[in-house]
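Asker: Sequence:
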Amino acid sequence: MIILLLFLPFAASQLITQTNSIEYIQLTIEESMIPTNGDLVIQLSSKSESVPLLMLVKKDYNPTFYFDNDKGDYVWNTTYVDFEAWSQNWPTSYIILAGSSLAVGYTYHIGVYSEVIGVSYTLSTFSKEIDKCVPTCTPGSVCKGGMCDCSGGYYSGYECGVIFTKVQVNDTGKDFYIKKDSWEFFYIDIANGNDFTVEITKKAGDMKFFFTYFTYDQILPSMFSADTEICVGPADAKAVYDFSNNIGSTWTFSVFCGKEADCEYSIKVSYCSSWDQFYIWLTVAAVATSSFICCLIPIIIETLVKLRSVHIAQPESQRVDEPLNSEEINKLFPSKAWSSFERGKESCSICLEEFEIHSSVRMLGCEHFFHASCIDGWAKTKSICPLCKKSLISIENIQRAKGKYYSGQLPKSNLRFVELVESSENGTEQENHAALP
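In terms of my numbering, the sequence shown opens at residue 1245 and continues consecutively.
Wrong hints could be hidden among the right ones.
[Stated by the list, open to error] DEER-style ranges, computed between Cβ atoms: (1) S1469 to D1439: 16 to 24 Å; (2) K1447 to N1414: 17 to 25 Å; (3) A1532 to G1405: 47 to 55 Å.
[Stated by the list, open to error] Below 20 Å or equal to it, Euclidean Cα-Cα: the simulated SDA-like pairs (lysine to any residue) are: (4) K1447 to I1422; (5) K1446 to D1317; (6) K1512 to F1487; (7) K1580 to C1595; (8) K1512 to G1417; (9) K1512 to D1450; (10) K1580 to S1593.
Since the hints were derived computationally from the structure, they do not count as laboratory data.
C-beta: ideal position from N, C-alpha, C; glycine also.
Based on the provided sequences and hints, a complete structural model is requested.
Answerer: So, in structure tokens, the structure goes:
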């Protein structure tokens, strides 16, 4: 690999000394090279018309381009490239640098790639007006904005020498033949909103397909400008690719035949039918619905479990109990005579009067004492302790009042709940008696 430091626009001739590699020439911009009202053109001229040369240009760094045998594909890194001349084996290549983007001292690295040794070439620079075309456009075409506006299916570029072959939609399939190490270009007119399918049947050779969204008068599809790249290798007899069309323009694609053998293949392009699109949307909807249901089921189960847990083990402060009648309160909290044993609890919190010896009192499950007459009247309208606000008929309160431990669920009926507590108490006492020797 050779790096030469040349200060163009003086023409310089060189000789390719290595195969499948790039030789570099450094171009430093001087004041005399900057056009006052135009662009700077870098021209590469090959001495051999049968050997293609690829010119690449990158500012400040060397451009790269090589074939990776492990990947089976080209690897590149460049800012400017004349793919048009390389793919068509033209002896002259052009790269145009906008004059407004140039400044004294800017350095551009020019790379010349060749797969054949011993080819001589010449590099030179010159200026051109912004709206002028280089070279002169083919008769019958018009120069617009520095590019040739071609007609008759030709690509609009520096020259009108690249022809595009139209592939008809819904055709039965057309056979094509390409020589090895060469390119062919095609275009398809696709109506807006129609998805389409490209079916490629390989008969011989290895190929690469490069698809672009642009119309054929804008850009050549290649490894430098492809939106979609498809490789049809030795093991692929047929390949089918679906494209979603949301732009409604002309699609272009190129075919590159590998270096090993000539290529023979057929291409068939067809619109996706309304039923095909229906089944596609149906499949998408089914997958989305299934995913939503799968995500929703655990949430529903978790919610039901939480609701059941809240219903079974609801905190006392959140329970809504019915007031007690006289029969229920007598069974739950029997009255007894006040004695000096309960010192420190000398007054009733309902009537605020002190307890007298042998006065009738009731002790709730929360261990608060009240006059029997006071708590009886209170319990007819309220079901909580006047002091601590705990439920009068919670299992915990009943168990504390009776000095025993029972477990169970609070029934809806207060009286039934009292009966369950008493029957449970009696059953426990019978078991204790039965266990005595």
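Asker: In ascending order, which of the hints set out earlier in this document are inconsistent with the structure?
Answerer: none
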